[in-house]
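Peer 1: Generate coordinates for the entire structure from the input sequences, incorporating the hints supplied.
Given next are the chains, with one letter for each unit.
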Amino acid sequence: MAVSNVTFYERVEEALHDRQLQTALDISTTRFTTGRKNALAALPEAEALRDHARRIRAHTIAHLDRYLAQFADAVEQTGGQVHWAETAAEANHIVANLALSRNVKNVVKSKSMVSEELHLNQTLEAHGMRVVETDLGEYIAQLAEEKPSHIIAPVIHKTREDVANLFRRKLQATDEDLTDVPHMTALARRVLRNEFLQADMGVSGCNFAVAETGSICLVTNEGNGRLTTTTPRLHVALMGMERLVPTMEDLGVMLQILARSATGQKTSVYTNIITGPRRTAAGQPVEPDGPDELHVVIIDNGRSQILGSELAEILYCIRCGACLNACPVYQQIGGHAYNSVYQGPVGSVVTPGLYGLDPWHELPQASTLCGACREVCPVRINIPRMLLKLRSEAVEAGLNPGWLKWSLGLYRQAVVRPSKYHFGSQLTSWISQKVADNGWIKNLPGPLSGWTDHRDFPALAKKSFSQRWREERNQ
Amino acid sequence: MTTDIKTVQLFVTCLVDKFFPETGLAVVDILEELGLTVEFPLAQTCCGQPAFNAGFWDDARAMARYTIDVLAPSDAPIVIPSGSCGDMIIHHYVDLLADDPDYAAQARAVSARTYEFTQFLVDVLGVTDLHSTATGCIAYHASCHGLRGLGLKTQPRQLLDQVAGIEPKDLPGSEECCGFGGLFAVKMSQISGAILQRKLDNIEASGADTITGTDVSCLMHIAGGLRRRGSTINVKHIAEILRER
Amino acid sequence: MSQRAAFLNRIRSRLPQAELPEANPNHPGSFRGYTFAVDTPPADLVDRFTQELNALSGQVYPVKNSQDITEIIQQILHKHGVKQLISWGSDSLELHQFVAELTAAGIEFVANELPATAAERKAKLAALDKIKVGLTGAHGALADTGAIALISGPGRGRLASLLPPVHIAILPQQKLYPSLPAFLAAHPEATTAGSNLVFIAGPSRTGDIEMTLTMGVHGPGELHVILTP
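Protein chains in written order, with our numbering: chain D, 1 to 475; chain R, 1 to 245; chain H, 1 to 229.
Just so you know, the hints here were simulated from the structure itself, not pulled from any lab data. Small disclaimer: the values here were computed from a predicted structure and weren't measured. Check each hint, because a few of them may be wrong.
Claimed, not checked - List time: in silico DMTMM-like cross-link candidates among lysine to aspartate or glutamate, alpha-carbon distance up to 25 Å:
no., chain 1, residue 1, chain 2, residue 2
1, D, Lys420, R, Glu39
2, H, Lys79, D, Asp292
3, D, Lys463, R, Glu22
4, H, Lys122, D, Asp292
5, D, Lys442, R, Asp201
6, R, Lys187, D, Asp358
7, R, Lys6, R, Asp29
8, D, Lys37, R, Asp201
9, R, Lys169, R, Asp201
10, D, Lys420, R, Asp201
11, R, Lys187, D, Asp453
12, D, Lys266, H, Glu210
13, H, Lys79, D, Asp177
14, D, Lys105, H, Glu210
Peer 2: Pasting the structure below:
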């Protein structure tokens, strides 16, 4: 994964000072969190459903080899083909070869996070193909040559004016095209419709795959997922290896909570379940449309690394984005600051899990450990536990600043020796009382100045509780 | 009171001990007024959470073992005026020391008799009315580790509801984090500060003249922010309000 | 070793170290306590379905007979000033006498078979894209979300509900189910009967620009459900 030279702290600073981004984050995260809360409150069995969904995901991941084999067999029985890719390079190679051997020129894509892990677009473009993202948000991000900043709402960081300027520049939009959001959307529809009609290959992701039937489930509100998998004669579905559920009934459980957790909708507009390419009899198609070929690429790309670790629980994730919206840190810094396909609390576990703690060790630190992510997670993933685990691994790997290691070591020495501890704190109390103004300090030294950059710090009490206890109780 | 508990141990927390002794004294007053004998093991220091949250688990284990040694001799219930330190001792000690042959069982035993202060009053003693009388417009901030770690959803509010003379105010986003997060407030101070500003805006919008909660850590963070803004809104631990007569 | 075997072996080698809270060797089974609500009175299902679909900007038209269908379709075609429909085969449509009536009135029902070669396929798609209205049946509908279920098959393409800006679906009232799980329980074959099972809950929508709700971004901007007895 490409690592930019800009540090996490610089990206955070930029995000915090981007007023437009701040407004967008306020509006979107408030709307998503409120929507989620209301949608789940209206579902009488929401809590029990979440427990059940968690059990399904846990069981599936624990038997992933078996369910993947069952899924692959089922796909092949329906006439689809399955490909296995251990790395991003292998996955890109598979897709590029499929496209080249079938003389593909134009590719349409519906939203796929795993494809962003692969940098598939660059690979196909390097082979001279034209690749177009078709989710409106992703399309806008592609036109702007940016990355999405949210799992569900890729361009929440952009205003209508930003998009209008972009459309004017890249699509030669007229003033009339840019009258309002519906007009702008209509323009995008016209442009993208042509792409769909000309496409030789459709590349989709996979929200869920069903082992018993070999089905791929795609949920979208726009319908681009359906067009991508219907108009081109070749459909390639990219699937992270953990995206499975065992049965259709299990899929029903997941669908009851996915949209509610993601956007607060009871359901997405289109729940598209694809089982094989269009059906044939005696070599002739018996269904009027649909792709003639279906290829499913099952991708590891670091997931088995996560699987064999204490982070395996993160593979239960159903990619709803609820933890992003609920996270006080994400609410402030947005998605781009994470500099990764996977953002927010889930991203702070997945990114170092897939690519290693170095250089991603700042991400698990970017949390107050408030637990809001775990609270809203539809499958109750204990994200704080894994952030803590990653922090301890960072310590073991020596990725922390020296002053912190040194001062915590000193602190530990004091804590386990009460006389030292109390003496040290009496000394600190005396100093802090000297420098404090009316009991509060405005400037702390060294690394602690971070605190007083934003708030006052209290002086230690003149007499501690233990001193007063000792004196008053004569102990 | 419907229990036969006669004695409790107070683990006062390092922050209360060194910064906010009044909170500890209020807790003692309340417990003693309920007829309990309060033991205060003088060797107690810090539960080790700062090191644990920063990932320094060997240091945290040393501090956990030390604290267990301090608390283990008495089998009285342990009361802590902090949801965060309570969560550390109740949940994380057990995990941290799970493979320690000398301490695993003790960690579980200590965990089983440790309670956050309001949790102890309401869930263990079954007390909600402390016959308190206070003044002011009071809003409650729910600290994260108490709320989500220990499930302190209703207990503090039940206690506050019984206080005569106060006007409760609704704090918008009362269950949202204040941005403290221990060393996070220092290491990622610009994010922490931004989260704090949102909390302070909500506090100022609530119309309260006093903010209360179960954890002096978050309250210290909030008070420091209010002070920097020049606000006159008071910040008090819940025990200090419950003690008022 | 095949790619597949290597891939699955790698997973097998990692699983023993995996920390997987609440993973049980047995599948958790059906969701116990699930409200299938099979005894919901049909009239309540109709009300709920209508309410939910209306909330998503879809229209519901309860009808008595084929003549009613003719009128509704004519109205919609008239509103859009067109005389063509991409349509499912008439034997997949309820009360399909209306097809003959509308044909006699000059309405053209276009099938959407896509040829196998790439060039012919694109040419056919370009032609179909000019048609403004699509007509389908439905295999079920979900009262709790307002979604209709369509299964692809002979004479039942995906494009009729997807390509044109207007989608009309004819849904027999007895195909209403309380929820998605209830539908799947009643139709275990729904997923495998065709290459595509789709649930459609209202017109296509997006909120990607400033979270402003906009209809008809890729799929139809109008959804009309004709509810037959």
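Peer 1: Taking the hints in turn, state whether each one holds.
Peer 2: Evaluation of the provided hints:
1. Between lysine 420 of chain D and glutamate 39 of chain R, the direct Cα distance comes to roughly 22 Å. Compliance with the 25 Å bound is thereby established for this hinted pair.
2. For the suggested pair lysine 79 of chain H and aspartate 292 of chain D, the alpha carbons sit about 36 Å apart, so the restraint of at most 25 Å is broken.
3. For the hint linking lysine 463 of chain D to glutamate 22 of chain R, the alpha-carbon distance of about 10 Å falls within 25 Å, and the restraint holds.
4. About 13 Å separates the Cα atoms of lysine 122 of chain H and aspartate 292 of chain D, which keeps this hinted pair within 25 Å; it holds.
5. For the given pair, lysine 442 of chain D sits about 21 Å from aspartate 201 of chain R by alpha-carbon distance, which is consistent with the 25 Å threshold.
6. As the CA atoms of lysine 187 of chain R and aspartate 358 of chain D are separated by approximately 18 Å, the hinted pair is consistent with the 25 Å bound.
7. For the proposed pair lysine 6 of chain R and aspartate 29 of chain R, the alpha carbon gap of about 15 Å is at most 25 Å, so the pair holds.
8. Between the alpha carbons of lysine 37 of chain D and aspartate 201 of chain R the distance comes to roughly 23 Å, so the proposed pair stays at or under 25 Å and holds.
9. About 14 Å separates the Cα atoms of lysine 169 of chain R and aspartate 201 of chain R, which keeps this hinted pair within 25 Å; it holds.
10. Of the supplied pair hints, the one linking lysine 420 of chain D and aspartate 201 of chain R is violated, its CA atoms being roughly 41 Å apart against a limit of 25 Å.
11. For the hint pairing lysine 187 of chain R with aspartate 453 of chain D, the CA-to-CA distance comes to about 12 Å; that is within 25 Å, so the pair holds.
12. Restraint check for lysine 266 of chain D and glutamate 210 of chain H: the C-alpha separation of about 21 Å stays at or below 25 Å, so the hint holds.
13. The straight-line distance between the Cα atoms of lysine 79 of chain H and aspartate 177 of chain D is roughly 23 Å, inside the 25 Å bound, and the hint therefore holds.
14. For the hint pairing lysine 105 of chain D with glutamate 210 of chain H, the CA-to-CA distance comes to about 33 Å; that exceeds 25 Å, so the pair is violated.
Hint violations for this structure: numbers 2, 10 and 14, all remaining hints satisfied.
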